[in-house]
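Asks: Line by line, the protein sequences give chains A and B. Number 107 in the working numbering belongs to position 107 of the first sequence; there are no gaps in the numbering. Number 109 in the working numbering belongs to position 109 of the second sequence; there are no gaps in the numbering.
FYI, nobody ran anything at the bench for these hints, they're computed from the structure. Among these hints, one or two may not hold up.
[Stated by the list, open to error] Taking beta-carbon pairs under 7 Å as the criterion, some of the chain B residues facing chain A (in silico): (1) 17; (2) 18; (3) 25; (4) 45; (5) 51; (6) 85; (7) 147; (8) 192; (9) 195; (10) 229.
Owing to the predicted nature of the structure, the values given are computational and were not obtained by experimental measurement. Just so it is clear, CB atoms sit at the ideal spot from N, CA and C, and this is done for glycine as well.
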Amino acid sequence: MFSPEFVTGAAVQDGSLRIALRLNWFRPLPLSCVEHLGIAVDGSVTSGAVLVLDGAEYALDQLVARDDIWWHTLSEAELRMPWATAPPSEVRVTLRTRIPLLVDHTGSPVTVVDSAVREVAA
Amino acid sequence: MSAPRLGVMSFSLGADLWRRRLDVDGMISAIGSLGPGQELELIGSHALRGFPDPEPAEIDGLRSAMEEHGVVASVYCADVDRSRTTGTMLSPAGALELVEREAAIARRLGFEALRVSPAGPGLVEDLARLSERTGMVVLVEHGAEPRTDPPTAELLERIVALGTDRVGFIADGSAFVRRLPEPWKQACLDGGVPQEALDLVVGSWDPEVPLPDVMGRLHGLGLAPLELELSVYALMTTRFLFRKGDVGGLLDMLPVVHHVQTKYFATDATGADPCVPYDEIVPLLRDAGFAGGLHAEYEGGIWSAELDTMAELRRHQAYLTALWQDAPA
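Just chain B, with the same shape it has in the complex (with noise of 0.2 Å):
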């Protein structure tokens, strides 16, 4: 019987060092112990203290502790930022200087593939280029699917006619969202969006209400100024975090799809999260014939303080593999 390739993407693990649960070294230790062989996708910048221009002895270090703890190093994480500097809006092409900065680091730490996030159908002859000069396979993260967004499409088929192997897709599951996550709601609530404000957010997501007209509305509520703010990003992130896209929509995209991000917010006592359908995507990819692995992003730790992350995981990885290993219809 076969199992699908597992790992984790450290972002899962954020939440940990955020509040000193964990330090980078057992961060690293902690995603060895899920199980041998378990892929990792790194944020380089969280893991390293020296970021943007870490000693190579950190490096090194860090890359000893991976080894030692049996984790395999799979992708490594650069953000295309745009805006670091006050007053600067660096051009997409223009913030790739930066993550090639990182591709050093990125090998020297074992890994050959480089995550790029965002980025968009103007950016992939860069992104081609990119690979060309590193060395590296070059992959976007990309939460959204062709079928109903028509910028993926356009970004899937400038990827697809580069044709190459060199260039390709990390697909997240954030593009097939169902539900709104309780942890997410309740960090709104906790953080000072007001109970009405955080009603209309969810409540014009599913169907979809146009922004101009969600954020009238928020602004007729009378809030507080920095309750505004704080509900026009929760809205904000209800379009930036979480698509409905069409799980269909991945088949469109599997030729280039190297890996995929397993997105999830809390799972129940089967594994499952009722905000994303992974007992139609897991099927559809083992169908498919899909062998790049299957890298856990749990998300709820960022909102909730209560959940157990590494229970998380586990329960997780072990539903994955139980709907990777139930026979095809």
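So here's chain A without its partners, still in its complex pose (with noise of 0.2 Å):
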């Protein structure tokens, strides 16, 4: 969809890195339709962070399994991890889902990837 406004918002807050950000498609879609959900911090690739939606937190490596919880237009979700620093100037999201309903020439699924960097509030 190539929005990089699904990214809507980073901070440090209360020991934690938080990053605000909407699905990057126009209807709702469970959560193993979350392929990839990478974040790099200044520019550096970090891993331990989780997903916090609608009030729930799920490991980012669980989520292809999580076809019974959905990601709805409307909800607003954070990407979350441990800060115990100052706050870094900038994080990178790269988001890519599948779209269960499109089917390439191969027979494949159809992925949509989006990617967008976004400056951490001091």
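Each of the two chains sits in its own frame; use the hints to bring them together as a complex.
Replies: Shown next, in the form of structure tokens:
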């Protein structure tokens, strides 16, 4: 969908780096359709974040198994990871989702990727 | 003087939902504000927070909003999702079971027609059975036409062979795109597609360069992996979403077309979008006696936060009406 708007904010708060984001599609999808949700902080790929959605936490490497949980278009989601030092300058979030109704000419599901850089609020 | 039946596909306001400019009630109210009798094609999944298993109270609340704002329930839109579960690709017929579950939601909302998308020729008999089981008219949303696209010709042939008005088409204006939308091009650049890759993608659209050739040239640009992935997606978008069909092919489909989704991307001051030739399409429909709805499907908003959706819808519907009311040649 090519919308860098899907990352709506980033800040360090209460000992956590918190990145607000929306699904990069215009209809809800099960979490299983999130094939990749990657974070780079000041250019370095990081791990250990969780996705907070509708009040529940999900480990990123477990998303592909959760076809029972839906990420609604109107849901506010947050990536959250422990952060004990000074706030970084920027984060890059890359979100690749599988669109379950679209199948390409090879018979494979179509994926949509978006990537956005956001300054971290001081 | 006759007037076309006007309506809106709720995807038109999907970006406003996504940007939190509207909530669902506001979306329904906005559609109702376009004028009396606006027909609604509703994507249930984006209108119901509890999807795919919304509580009855949520469904009833949405129906009340539609009634309150004078919006006419026309078509409930469901997707043929084949790959919701990781590593599983349902058959098209298997995925129809998911659609059938939505039929109960659609009926409770007051809809009598169910849109399915996508659907190929092999699914037509299943669609007829789905119609029988649900009691709903089943309509295939389709963005291609039979004169230039052989699979569409086969799909049309099979639907006609059913001999029923309970299965048909929603013809999608994206079958007749004449220019690539400027908002889409800008969104590609803003989203990270390098200019040289976008130039290659745009240049390969019309006349159409075979996919393997374009892919090879994209791979030869020396792009970073993410840039390449974005560029390939842009290329595939041109082939999925922007078909260059023959407007005359719409005539062949008309006996089984229930509605037309008038897809467009951005209008000028007159309401015209240079990307889709509604100045050809609307007179063709009118002169052929088409009695279905013209349901606006505005897509510019998904690529541009600057465009005003409601202004776009008003200009577009006024333009369609003016085209319809011109005397036949």
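Asks: Could you check the structure against the hints above and give me the numbers of any it violates, in ascending order?
Replies: 3, 7 and 9
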